[in-house]
Structures are given as C-alpha cells and as structure tokens.
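Let's have the full structure, built from the sequences with the hints guiding it.
The chain contents come next:
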Amino acid sequence: AQSVTQPDIHITVSEGASLELRCNYSYGATPYLFWYVQSPGQGLQLLLKYFSGDTLVQGIKGFEAEFKRSQSSFNLRKPSVHWSDAAEYFCAVGAWSGNTGKLIFGQGTTLQVKP
Amino acid sequence: KAGVTQTPRYLIKTRGQQVTLSCSPISGHRSVSWYQQTPGQGLQFLFEYFSETQRNKGNFPGRFSGRQFSNSRSEMNVSTLELGDSALYLCASSSAGTDQETQYFGPGTRLLVL
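In order, the protein sequence lines correspond to chains A and B.
Per my numbering, the very first residue in the first sequence carries number 1; after that it's consecutive.
Per my numbering, the very first residue in the second sequence carries number 1001; after that it's consecutive.
Treat the hints as calculated values from the structure; they're not laboratory data.
Don't take each hint at face value.
What the hints assert, rightly or not - Pairs of lysine-lysine, PhoX-like flavour, derived with a Cα cap of 25 Å:
#1 A:K61 x A:K114
#2 A:K49 x A:K61
#3 A:K61 x B:K1057
#4 A:K68 x A:K49
#5 B:K1013 x A:K49
#6 B:K1001 x A:K49
Claimed, not checked - Beyond 10 Å from chain B on every Cβ pair, some chain A residues (computed):
#7 V13
#8 A17
#9 K49
#10 F63
#11 K68
#12 P79
#13 W83
#14 S84
#15 D85
#16 A87
#17 G94
#18 V113
#19 P115
Built from N, CA and C at the ideal position, the CB exists for glycine as well.
Set out below in structure tokens:
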C-alpha cells in the first residue's frame, strides 16, 4: 500500500540552527514527492517537489530536499532556521493511475523555533 | 494570477444539517481536488473533478459529494452532518490533474459541527 511516514511529530530547534525533517515513503513505481508547509489557520504552500533528475532539489525559503531511492526517503533540510519557519510540514507522494490521482500525505511534523 | 479561493472560511453547523463548501480554482486550472484535514486522521483525499466529471474518489461515505461547474468552480456537500465531520476542508487545483503537476491549495474552510 502507498504510504508516507514522518517519524517526528514535533521538533524544536534554536533559531539559526540547521534543520532536517524526515520523510519515508512506500510506493511501487517512481515516486513524485512533495513537501508542503502549513502555517496556523492557512492552507498548504508548496516548498519543493521531486519528479525526476537531480536527487537534490531546491525549494523556496532556503529549503532543500534529497531523494534517496535506496532508503525510500525524501528528507527536508535547511541550513539555518528562522523564527518564521515555525509551522507544520507535510511530506506527500503523488499516487497516480491512468489520468487521475491524489496526494498521499504523511501525518506532519510541527516545527517549533526557539529564540 | 489569483490563487485558489474557498468560501466560506469558517462555518458552524449542528448535527444532522447539511453544508455546501465552494472552491474557485486558479484561472485556467480544470482539475479540482478536495481534502479533509483532521487532527486524528491527517490529510485525506476526498475526490477529484476534471471538466465537470468526478475522476477519482477517496474512501468516504456517500454523505460526501461534490460537483464541478463549467467554469471549473467546484462545490462539495456534506449531508447529515456528524460531529466527526468537523475538520478543515482544503481544495487544490491544477491545470489538468496529471501526475507531474503541482497542486495549489486554497486556505481551506474550517467546519465545526456541534
């Protein structure tokens, strides 16, 4: 079955510290992978996506993610966290069959940033 | 371009009532998907519409239905509301709903069922 696992429900980092949010997926075919961010009371904003090619993808707000097929992972990283990065982060895999599909989301990781 | 808009943003209903939520996709986008977000179940796919046809449906009871109009605007309806239907309902649009497209999400409609 297709699934996404985000092992860390809640992470706290100090402002200026580096960040890595973990994401593992289970998907039979070539995965299309996404990271979205959700601020309180808001919808989802796309940070970055991986479809093919270079396994290190750059996104908005200084985020990057690395696709590792052998580990079925797509971890999100940022070298230096800002207080405004505090939000909930969702990893998703695109599950398509024929001409339609859907996103399968992980349970999310809440990021708290300490001053 | 304007983003995905959803109305209303907040809604309070009582058990047994029905509710209709609206989503206007980004101009030119013809695929609209709906997701339900709850603390317990997370983000779950409800259904996807393209050119006024439902192409995909998630594992939700028949009380959840939707439709899409010729201008790509979409509505979802929940009948006989239950307490467990309290959630944030998110709408997402993409150009054609194909696998290599990005889905753009609206701000959501927060539904509270009392």
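Results of checking the hints against the structure:
{"no.": "1", "hint": "A:K61 x A:K114", "in the structure": "18 Å, holds"}
{"no.": "2", "hint": "A:K49 x A:K61", "in the structure": "14 Å, holds"}
{"no.": "3", "hint": "A:K61 x B:K1057", "in the structure": "33 Å, violated"}
{"no.": "4", "hint": "A:K68 x A:K49", "in the structure": "14 Å, holds"}
{"no.": "5", "hint": "B:K1013 x A:K49", "in the structure": "37 Å, violated"}
{"no.": "6", "hint": "B:K1001 x A:K49", "in the structure": "21 Å, holds"}
{"no.": "7", "hint": "V13", "in the structure": "23 Å, holds"}
{"no.": "8", "hint": "A17", "in the structure": "27 Å, holds"}
{"no.": "9", "hint": "K49", "in the structure": "6 Å, violated"}
{"no.": "10", "hint": "F63", "in the structure": "15 Å, holds"}
{"no.": "11", "hint": "K68", "in the structure": "20 Å, holds"}
{"no.": "12", "hint": "P79", "in the structure": "24 Å, holds"}
{"no.": "13", "hint": "W83", "in the structure": "22 Å, holds"}
{"no.": "14", "hint": "S84", "in the structure": "18 Å, holds"}
{"no.": "15", "hint": "D85", "in the structure": "19 Å, holds"}
{"no.": "16", "hint": "A87", "in the structure": "14 Å, holds"}
{"no.": "17", "hint": "G94", "in the structure": "6 Å, violated"}
{"no.": "18", "hint": "V113", "in the structure": "22 Å, holds"}
{"no.": "19", "hint": "P115", "in the structure": "27 Å, holds"}
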